[in-house]
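**Q** Take a look at the letters that make up each chain.
Number of protein chains: 2
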Amino acid sequence: MTNEPEKFSIEGLRDFSTKVFIHFGVPEKDAVIAADVLSLADVRGIDSHGVARLHTYFEMLSINRINPTPNIKIIRERKSVCTVDGDNGLGLVVGPKANEIAMEKASHFGSGWVSVCNTNHFGIASYYPLQALTRDMIGWSMTNTTKLVAPLWGAERMLGTNPISIAFPGLKNPPIVIDLATSAAAYGKIEIAKRKKQPVPKGWIVDKEGSISTNPDDMINGGAILPLGSDRELGGHKGYALSAMVDILSAVLSGANWGPFAPPFALRQEIPSRSVGKGIGHFFGAMEIEGFMDVNEFKKRIDDWIDVFRNTKPAKGTTGVLIPGDPEHQEEAIRRKTGIPLLPAVIDDLRDISRQTGIPFPNQG
Amino acid sequence: MTNEPEKFSIEGLRDFSTKVFIHFGVPEKDAVIAADVLSLADVRGIDSHGVARLHTYFEMLSINRINPTPNIKIIRERKSVCTVDGDNGLGLVVGPKANEIAMEKASHFGSGWVSVCNTNHFGIASYYPLQALTRDMIGWSMTNTTKLVAPLWGAERMLGTNPISIAFPGLKNPPIVIDLATSAAAYGKIEIAKRKKQPVPKGWIVDKEGSISTNPDDMINGGAILPLGSDRELGGHKGYALSAMVDILSAVLSGANWGPFAPPFALRQEIPSRSVGKGIGHFFGAMEIEGFMDVNEFKKRIDDWIDVFRNTKPAKGTTGVLIPGDPEHQEEAIRRKTGIPLLPAVIDDLRDISRQTGIPFPNQG
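One line per chain: the protein sequences are A and B, in this order. Position in the first sequence counted from 1, then plus 59, gives you my numbering. Position in the second sequence counted from 1, then plus 59, gives you my numbering.
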C-alpha cells in the first residue's frame with residue numbers, strides 16, 4: 060500500500076463532517092460551525108487537528124461520551140468577565156459559542172474574558188483569535204488538554220500540551236497569528252519517530268524515571284514530553300510555568316478538571332483516577348483595538364512591524380526570519396487552489412465513518 | 060579585594076532609594092512607590108532588578124533623560140481598556156500607576172487592560188500581579204525592553220527579553236507567581252560567563268552571523284541571545300512568538316517604540332537608528348476572581364493544584380517539582396530575617412550616589 064496522500068475538496072470534506080455531526084443529533088447550525096473549525100485546520104495545514112480527528116469525535120458521539128445538544132450557559136458573570144458551562148458539548152461547538160460571548164462582551168465593555176468548564180477538545184486554538192480579527196479585536200484562546208507533559212524535574216505526566224493563541228491584524232500584510240503548544244514537541248512527532256524507528260532530539264522527552272531520553276518508546280511507555288525550554292539550563296521551568304498558566308486560567312478558574320485530571324479526548328486513553336471538576340477547560344479573551352488606538356493606525360504599525368522583522372539579517376544557513384503564521388498562510392494559499400491532501404490512514408477512517416453512518420464518502424477534489 | 064556580599068537592612072536600602080528619587084525632584088509619594096518596587100526585587104532575591112539598578116536610574120535622572128514629575132494620563136479609553144501615556148516618567152512610577160488603573164477598571168468592569176507608552180524600565184514584572192493579589196484579582200504584566208534577542212533564524216538583535224508575569228492566590232499556600240523572560244537566558248548570565256572565562260550552554264546565544272555559539276564574547280560582540288526554546292527543533296519559534304506578543308501588546312498597541320527601536324535603559328547602550336513611537340511600552344491586566352468563581356473556592360482549588368504538583372514523582376537526580384515562585388518565596392523568608400546581601404560592586408555604586416547627592420549611605424543590617 061502506498062502512503063501517498065490523495066487530495067479532496069475543502070467543501071466536500073466540510074460537508075461530510077457537517078453531516079456526521081448532524082447524524083448524531085447535533086443541530087445543523089452547530090454542526091456547520093464544528094465542521095468549519097475542523098476545516099480551517101485542514102486549510103491551514105494543521106493536519107493533526109482537521110478531519111484526521113473526525114473519527115475520534117465520531118467515536119465519542121457514538122458512545123454518548125459527548126452531549127450533541129448541550130445547553131451552553133453563563134453560570135457566573137461580572138460585566139467583562141464570566142464563566143461558561145459547556146454542558147459536555149463538542150468543544151468545536153462550545154468553543155465558538157464561548158468565544159462569541161467574549162467578543163460580545165468586548166463590544167460592550169472594551170474587552171471580554173470567558174473561562175469555560177464542562178467542555179471537550181476545541182480544535183485549533185488559532186480559530187478563535189482569527190474570528191476576533193474579523194471584528195477588529197485582538198483575540199486570545201487557551202485550553203488545557205489530556206496529560207502528556209512533565210513539569211520540570213518531574214517524572215510523570217501532569218499537564219497537557221496546553222496551547223496559547225493570539226492574533227494581530229495587518230492592513231496590507233496578512234495577520235500575525237501566534238498558535239503554540241507550551242510543550243517542547245507535539246506528541247504526533249514522537250509517534251512518527253517511533254514508526255520510523257528514529258531517535259528524537261535531546262530535549263523533547265523523558266523516560267518514566269524523568270531522565271532525558273532520545274528513544275521515543277521511553278516516552279510512550281510511561282515517560283513524558285518536556286515543557287518548552289526542555290531542561291533547567293535552557294528554560295524548561297518557563298515552559299512549565301506557561302503551561303501552568305493555561306491550565307489554571309482554563310480549568311482551575313472555570314471549575315473544570317485541571318492538570319493530570321483532565322479527561323482524555325480519545326477512547327484508548329486512560330481515565331484519570333480523580334475528578335476535580337467538569338470536563339476540560341478553555342479560556343477566551345477579546346479586546347477592542349479601538350479602545351487602545353485607531354484601528355487603521357494599529358494595522359499600519361503591525362504592517363511596519365512585519366516588514367521590519369521580515370528584513371532581519373538572516374542567520375547563516377537559514378532562509379531567514381518568518382512572521383508567526385507565515386507557514387499556515389503559505390499552506391492556505393496552496394490548499395485553497397489544490398484541495399486538502401489526506402493520508403491513506405485518514406481516508407480509511409473517513410470511509411469507516413461513511414460505512415457506519417451511510418453518509419456518502421466525499422469526492423476527491 | 061574580597062567579592063563577598065555584605066548585608067544591609069531592607070528598610071535602610073528602601074529609605075536610601077526613596078531619598079535618591081526625591082533628590083531629583085520625584086514627588087515623595089512617587090519616590091516611595093519607586094523605592095518599593097526596587098526593594099521587592101531585593102527581598103525576593105532578584106538581585107539584578109533591585110538597588111543594583113539604582114545607579115542607572117540615578118544616571119538617567121542626572122542628565123534629565125527621565126522626567127521626575129510626569130503627567131501620567133489616559134489618552135484613549137473604552138470602559139475596561141485604555142492606553143496610558145507615561146510622559147517619560149520613571150517606569151517604577153508609571154508602571155504602578157498604570158497597574159492601579161487596570162485594577163480600578165477591574166473593580167468596575169470585572170477586568171481592566173492598560174497598554175502604556177512613553178515609559179521606562181518598570182522593575183520586576185511580578186511586582187504588578189502581586190499588587191493585584193491583594194485585591195483578589197488575577198494580575199498580568201508585560202513590558203518590552205532594549206533589543207538583545209534574535210528572532211529564530213535571525214542574525215541580529217530585534218527584541219528585548221520581554222517578560223510575562225501572572226500570579227494566582229492560594230488560601231493556605233503562598234501564591235503561584237509566574238515571572239519569566241521570553242529569552243533562553245538572561246544577559247546577566249552571559250556577562251558572568253565572560254568574567255569567569257567559561258563557555259555558555261549551547262542554545263543560549265548566536266554570534267553575529269546567527270550561528271549557534273558557546274563563547275559569551277560572540278554574543279557580546281554583535282551577536283544575540285536566543286529566544287526561549289533556542290533552536291527550531293526545541294521550539295525557538297515559540298519563544299520568538301511569545302516575545303513578539305509582549306512587544307506588540309506593550310509597544311505597538313500603545314504607540315511606544317517596538318522591537319529593535321526600544322530605547323536603551325542604560326547610558327552606555329546604543330540609541331536606536333529610528334523612532335517609531337514614544338519610550339518603551341508596558342501592558343497590564345487585572346481580572347476580578349469573583350467574576351468567574353467564588354474567591355475562596357478558587358483559592359482552595361489553587362491550594363489543591365499546588366499540593367498535587369508538589370507531589371509529582373521527582374525526576375531521578377533532581378529535588379523534584381517546584382511551584383512557580385517557590386525560589387523567591389524561600390529567598391524572601393531568609394532575607395526578611397537577615398537583610399539584603401549586596402556585592403562590593405553594588406556597594407561601590409551606592410557609595411558613589413551617596414557622595415554625589417550627599418544622602419547618607421545606608422547602614423549595614
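Think of the hints as simulated: they come from the structure by calculation, not from any bench. Just so you know, not all the hints are guaranteed correct.
Repeated chains share a single entry, so a pair holds when one copy, or any two copies, can fit it.
Said to hold, decoys possible - Below, simulated DSSO-like cross-link-like pairs (lysine-lysine); rule was C-alpha separation at most 27 Å, straight line:
hint, residue 1, residue 2
1, Lys66, Lys132
2, Lys132, Lys359
3, Lys248, Lys372
4, Lys358, Lys231
5, Lys359, Lys138
6, Lys358, Lys261
7, Lys267, Lys132
8, Lys156, Lys132
**Q** Against each hint, give a clear statement of whether it holds in the structure.
**A** How the hints compare with the structure:
1. Proximity of lysine 66 and lysine 132 under a CA criterion of 27 Å is satisfied in neither setting, with 39 Å inside one chain copy and 57 Å between copies.
2. Taking the closest pair of Cα atoms, lysine 132 and lysine 359 come within 27 Å of each other only across two copies (24 Å); inside a single copy the shortest separation is 38 Å, beyond that limit.
3. With identical chains, the CA atoms of lysine 248 and lysine 372 are at most 27 Å apart between copies only, with a shortest distance of 25 Å across copies and 30 Å within one.
4. For a Cα distance limit of 27 Å, the shortest separation of lysine 358 from lysine 231 inside one copy, 8 Å, qualifies, whereas the shortest one across copies, 46 Å, does not.
5. Only between protomers do lysine 359 and lysine 138 lie at most 27 Å apart by alpha-carbon distance; the minimum there is 24 Å, versus 31 Å within a single protomer.
6. Within a single copy, lysine 358 and lysine 261 get their C-alpha atoms no closer than 40 Å, and across copies no closer than 37 Å, so neither meets the 27 Å cut-off.
7. Proximity of lysine 267 to lysine 132 under the C-alpha cut-off of 27 Å is found in neither arrangement, the shortest distances being 41 Å within a copy and 55 Å between copies.
8. For a Cα distance limit of 27 Å, the shortest separation of lysine 156 from lysine 132 inside one copy, 10 Å, qualifies, whereas the shortest one across copies, 36 Å, does not.
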